[in-house]
Amino acid sequence: MVEELKSGNVLVGLRQFLRAAETGVALKAFVAKDCAPHIFKEITDNCNKYGITVEYIETMSELGKICGIDVGAAVAVITK
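Position in the sequence shown (first residue = 1) + 5 = the numbering used here.
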């Protein structure tokens, strides 16, 4: 999991995820389990809608660190 996020085209954040999903370039999403429930639902609904593989990370802080940013992240997505 960590290797995937460090060795590919990665976008971080809800807006970037939604854009990647809608344009068909999203391959796999990493979602923080502790993000706001409405955001979690929006991300997982879009993953189901567009057939994007999902992997869950325990916390937003952990996902942010994995992505190399100093703040938490609700979602990160690997793109084509």
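Just so you know, the hints here were simulated from the structure itself, not pulled from any lab data.
Possibly wrong hints are sitting among the right ones.
Restricting the straight-line Cα-Cα distance to at most 25 Å, the calculated cross-link-like pairs of lysine to aspartate or glutamate (DMTMM-like) are [unchecked claim]:
#1 85 / 47
#2 54 / 75
#3 85 / 27
#4 33 / 47
#5 46 / 27
A quick look at each hint next to the structure:
1. 85 / 47: Roughly 22 Å between the alpha carbons, so the hint for residue 85 and residue 47 holds.
2. 54 / 75: violated (31 Å)
3. 85 / 27: At roughly 13 Å apart (the allowed maximum being 25 Å), residue 27 and residue 85 satisfy the hint.
4. 33 / 47: holds (15 Å)
5. 46 / 27: holds (16 Å)
Checked against the numbered hints given earlier, the structure breaks only hint 2 and satisfies all the rest.
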